[in-house]
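Protein sequence lines, in the order shown, are assigned to chains A and B.
Take 366 as the starting number for the first sequence in our numbering and just add one per residue.
Take 51 as the starting number for the second sequence in our numbering and just add one per residue.
Check before you lean on any hint, since a few could be wrong.
Sample of chain B residues with no beta-carbon within 12 angstroms of chain A, all distances over it, derived [what the hints assert, rightly or not]:
#, residue
1, D69
2, I82
3, D134
4, P140
5, G303
6, D311
7, E329
8, M519
9, D524
10, E529
11, D590
12, K611
13, M612
Simulated restraints on C-beta separations [to be verified]:
#, chain 1, residue 1, chain 2, residue 2, range
14, A, D450, B, D180, 47 to 53 angstroms
15, A, D450, B, E171, 39 to 45 angstroms
16, B, D367, A, S463, 42 to 48 angstroms
17, B, D576, A, C403, 43 to 49 angstroms
18, B, K215, A, C434, 24 to 30 angstroms
In case anyone wonders, no lab produced these hints; they're calculated from the structure.
Even glycine gets a Cβ: it sits at the ideal position worked out from N, Cα and C.
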Amino acid sequence: MTTSVHQLDDGAWLSVNDARRINVSDLWWLARHDFCDCEMADFLAEGFVEIGVDHPNIEGRIAGQCIECGESGVTDWLTLGRVVDPDAGTFLGVVPDSVHVPERRRRLASPSE
Amino acid sequence: MPSKVEGWKDDVYGMEVRDHLYRFAEEGWSAIPEDEHDAWFERFKWWGLYHQRKGQESYFMMRIGTPNGRMSPEQLRVIGEIADEYARGPVDNPEFGGAYCDWTTRQSVQLHWIQLQDVPEIFDTLEAHDLSTMQACGDSWRNIVGSPVAGRDAKEHIDAWPVIKNLNDTFKGDEEHANLPRKWKVAVTGDTRGSGQAEINDLGFEPATKEIDGEEVAGFNVVVGGGLSRKEPRFARDIDVFVTEQEVPDVAGGLSTLFRDHGDRDDRFNARIKFLVDEWGPQKLRRVLQEDYVDFELRSAGEDLRDQYTYNSGRNDETGDYVGVHEQKDGDYFVGLSVLVGRMGAEDVIELADLAEEYGSEMVGLTQRQNIIVADIAEEDLDDFLDEDLLEYYSPDPHPFLRGSIACTGTEFCSLSIVETKNRMVRYGRWLKDNVALPDGIDDFHVHLSGCTASCAQPQIADISLRGMKTRKDGEPVEAFDIGLGGGLGENPQFADWVEMRVAADEVPGYIRNLLEIYDERSEDDESFREFIARHDEDDLNGLAEPEETSYDDPYMGNTKMTWYPYAEETDMDAAPTPSPADD
Numbered sequence: 366m367t368t369s370v371h372q373l374d375d376g377a378w379l380s381v382n383d384a385r386r387i388n389v390s391d392l393w394w395l396a397r398h399d400f401c402d403c404e405m406a407d408f409l410a411e412g413f414v415e416i417g418v419d420h421p422n423i424e425g426r427i428a429g430q431c432i433e434c435g436e437s438g439v440t441d442w443l444t445l446g447r448v449v450d451p452d453a454g455t456f457l458g459v460v461p462d463s464v465h466v467p468e469r470r471r472r473l474a475s476p477s478e
Numbered sequence: 051m052p053s054k055v056e057g058w059k060d061d062v063y064g065m066e067v068r069d070h071l072y073r074f075a076e077e078g079w080s081a082i083p084e085d086e087h088d089a090w091f092e093r094f095k096w097w098g099l100y101h102q103r104k105g106q107e108s109y110f111m112m113r114i115g116t117p118n119g120r121m122s123p124e125q126l127r128v129i130g131e132i133a134d135e136y137a138r139g140p141v142d143n144p145e146f147g148g149a150y151c152d153w154t155t156r157q158s159v160q161l162h163w164i165q166l167q168d169v170p171e172i173f174d175t176l177e178a179h180d181l182s183t184m185q186a187c188g189d190s191w192r193n194i195v196g197s198p199v200a201g202r203d204a205k206e207h208i209d210a211w212p213v214i215k216n217l218n219d220t221f222k223g224d225e226e227h228a229n230l231p232r233k234w235k236v237a238v239t240g241d242t243r244g245s246g247q248a249e250i251n252d253l254g255f256e257p258a259t260k261e262i263d264g265e266e267v268a269g270f271n272v273v274v275g276g277g278l279s280r281k282e283p284r285f286a287r288d289i290d291v292f293v294t295e296q297e298v299p300d301v302a303g304g305l306s307t308l309f310r311d312h313g314d315r316d317d318r319f320n321a322r323i324k325f326l327v328d329e330w331g332p333q334k335l336r337r338v339l340q341e342d343y344v345d346f347e348l349r350s351a352g353e354d355l356r357d358q359y360t361y362n363s364g365r366n367d368e369t370g371d372y373v374g375v376h377e378q379k380d381g382d383y384f385v386g387l388s389v390l391v392g393r394m395g396a397e398d399v400i401e402l403a404d405l406a407e408e409y410g411s412e413m414v415g416l417t418q419r420q421n422i423i424v425a426d427i428a429e430e431d432l433d434d435f436l437d438e439d440l441l442e443y444y445s446p447d448p449h450p451f452l453r454g455s456i457a458c459t460g461t462e463f464c465s466l467s468i469v470e471t472k473n474r475m476v477r478y479g480r481w482l483k484d485n486v487a488l489p490d491g492i493d494d495f496h497v498h499l500s501g502c503t504a505s506c507a508q509p510q511i512a513d514i515s516l517r518g519m520k521t522r523k524d525g526e527p528v529e530a531f532d533i534g535l536g537g538g539l540g541e542n543p544q545f546a547d548w549v550e551m552r553v554a555a556d557e558v559p560g561y562i563r564n565l566l567e568i569y570d571e572r573s574e575d576d577e578s579f580r581e582f583i584a585r586h587d588e589d590d591l592n593g594l595a596e597p598e599e600t601s602y603d604d605p606y607m608g609n610t611k612m613t614w615y616p617y618a619e620e621t622d623m624d625a626a627p628t629p630s631p632a633d634d
């Protein structure tokens, strides 16, 4: 089946197949990033800005700030999780407080919500 | 390309959503197809229902729009009774109990833990008493705000109640204005207090006078494109238009239609009219309004009355917030009662409605400072009314730290919030009252606590602005706040400067205490707190006072968003008793 992904409620959460999978307000460790000057950004997710798909991964750009240095803005693309069984719609989300490496987008994302 | 939400709205939106709501109420929660949850929850907003956050599936917040915040005592009682019967969750709130009403910063009512199965009965009861949830949320005309005591208040330029009632009756339910690109918030200020806070609305009518054909005419200046959300605060822009009372609907309708036609439906983050005003500028907005949306010649703006504004103005000579005893035009009195963080237990709501009726009141009103007013108390009854037990807690003469506190919904129910808000603000208020000496000259001190950048508690326009954040303490993530200073409305509206970032939540009361000590030492003459802050530049304000741990104890320091409900015994998401089995 087709996997439906989008952000909703002013970017409060990522919806995958109409289930709320990832919320704002978590802290994400970002490595090898351009978000701020910190070697590891201690990034507070305040709102999902854009959601895209890089099969089989669900990716997103998140607005927020590094609570170490205070820099605020929008991240490059972060892997938010993976649809491991498209037929059943099974989604495994990443663990926000593990380490993430944002990447510049390689192709066009779906239109923002 | 229109956003996904626009696609859902194209399929079903507005009035017709009600039939589907009733069908789901009849068939049960599981009748909503799982792959249509997001679309239906988006549509339900139009009828005032907002699905509560993760962990609380199948429960809804219900918003009842009360134009101008006005109700009869009977309507207030009905709302209290509905809260008592239907707004009960699986777990009580430790500060407020099992059933309560929230008075919002836009003069509406919010109830929580509402289940779909109960919606038809609730709607029947509301509508039998001329109350409605219609368009309380969603992309259309929201609750119209202004002075609840319009027509009674002595400090009045124009009685704005007929104007607001007319706008409400004209545009609520009008299909032409039912599906806008985004929410449409309208304020009409008829008093000289500035209590409509038109500056922070999409469309505002501000009191003004203009000479027309040699006569001084009372009316309104029109401002467009205000709003506080998403770190993009804007004061509404003056579009250089004066209107009479009679012209208000034509201009309001013209602007709503202009927004419908030209607002951004591709990107919801860019959809509010404040961004269209940014893009076009006020001159172009006025020109397009004139050319395409009204059929009479618009006048240039009149003389405003801003120098008289006292509402949330930071003045030391007068507090315009309605709290206390005020004489009405007709010789009766209205009494403004302080409701800490705007939350009132259902039993107290019913008791207040009974009291209001007993004393012959024909109107109770909600204010944008989350307080409640009881109007029409006869002079000879006033002392008895003020002696009523209920007014010991909901006081007409509250301590300034309690009087000035506002808080949004927070992580208790809201998806966007980063921190716990209402219970924490209650604890802040009480600690400040018990532990901080009030400097001379402070009768009114505004602390607005918002859980996130959506800014529902209007944090940018307060003496102390608190915006939810996170920080680390001993390596562990804890709830925190960015602290801003110097915001407020009045003659010269000003957004707060954000001066202390990521202050752990348990160090905020110490910061406020330390800052007030500095104000007490250094303020000059009759300088108000806001004037004192305005005298300093941003560099001086950074580090002016230090955050500090004190005897204040904060039980919500951990990540309340990770819980299904922050006050439950078992807080893990896995322990959530949802969806409610009663709903199938």
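- Message: Are any of the numbered hints broken by this structure? If so, which, sorted upward?
- Response: 2, 8, 10, 12, 13, 16, 18
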